[in-house]
Amino acid sequence: MLTISDYVKAKTLEEAYELNQARSSRIMGGMMWMRLSNAKVKTVIDLSQLGLDQIEETDNVIKIGAMCTLRQIEQCEALREMYGDGIAEAVRHIVGVQFRNQATVGGSIYGRFGFSDVLTAFLALDTFVELYDGGIIRLSEFVDRKPDKDILLSVIVRKSKRKFRYESIRQTKTDFPVIACSVVTGIVHGKETWYFSVGARPMKAALVEKQWEIPKDAPEEVIAKYARQAAAEFHYGTNMRGSAGYRNHLAEVLIRREMSSILAEGR
Numbered sequence: 001m002l003t004i005s006d007y008v009k010a011k012t013l014e015e016a017y018e019l020n021q022a023r024s025s026r027i028m029g030g031m032m033w034m035r036l037s038n039a040k041v042k043t044v045i046d047l048s049q050l051g052l053d054q055i056e057e058t059d060n061v062i063k064i065g066a067m068c069t070l071r072q073i074e075q076c077e078a079l080r081e082m083y084g085d086g087i088a089e090a091v092r093h094i095v096g097v098q099f100r101n102q103a104t105v106g107g108s109i110y111g112r113f114g115f116s117d118v119l120t121a122f123l124a125l126d127t128f129v130e131l132y133d134g135g136i137i138r139l140s141e142f143v144d145r146k147p148d149k150d151i152l153l154s155v156i157v158r159k160s161k162r163k164f165r166y167e168s169i170r171q172t173k174t175d176f177p178v179i180a181c182s183v184v185t186g187i188v189h190g191k192e193t194w195y196f197s198v199g200a201r202p203m204k205a206a207l208v209e210k211q212w213e214i215p216k217d218a219p220e221e222v223i224a225k226y227a228r229q230a231a232a233e234f235h236y237g238t239n240m241r242g243s244a245g246y247r248n249h250l251a252e253v254l255i256r257r258e259m260s261s262i263l264a265e266g267r
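Per our numbering, the very first residue in the sequence shown carries number 1; after that it's consecutive.
These aren't lab readings, by the way, just hints derived from the structure by calculation.
You may find that some hints are simply not true.
In the DSSO-like style, the derived pairs of lysine-lysine whose C-alpha atoms are separated by at most 30 Å in a straight line are [as the list claims (entries may be wrong)]:
1. 210 with 146
2. 40 with 210
3. 216 with 159
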């Protein structure tokens, strides 16, 4: 059971940051996972009045406020125009619409949960996070940081001509994923570059980058070889949902499917 002593609706980011420096304080997102814990929290800090619930699009980036809900990114036309149905696919299995109307992007990213579809999806894109004290850093760097008392303000996706696919395997439709995979490809510094993000390993998502020039008409056996190599780059573990070997196999299958889909689109 979660026990909270004090509730504060922060009026400024500075106030929220100062309150959060106490060891017994916690930032409140959508309260979807935190409320299931057995923690004793002295002060919970609500960011809902700080304007962090908007998605802003410019010529170069799509900036997603930390308090935006998963439903907002599921329905975001800017993300759909840039990356097709990939982001919507990444969140549509997360419990149900009611849940996604409350769970926040900031909570999903900042928590760095092993089961996070959201983290797995955005990690493969050209994504940055904006922190109150730490400034703007790459999401891949943020993922590897130790948890601290900074505040996540926004997730920033830099626009680029990249093809994006996302798939996951679940034992039941709304369960946590057994494995989740993102594949992104595009031209970076004049070279064809592939990005592979695998989450629910069951550890948090990790990213691998490969500069592979794969012909669009490559046969399936060639694509399967590349997929096998990409999947082997990740470390897998065993839990109640599956063994390490099973996860490795599933990752290889999903990566192959996603690579085949991307290459077929370019034909």
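Hint check:
1. 210 with 146: It holds: about 26 Å lies between the C-alpha atoms, which stays within 30 Å.
2. 40 with 210: This hinted pair is violated, its Cα atoms lying about 44 Å apart.
3. 216 with 159: Roughly 23 Å between the alpha carbons, so the hint for residue 216 and residue 159 holds.
Going down the numbered hints, you'll see the structure goes against just number 2.
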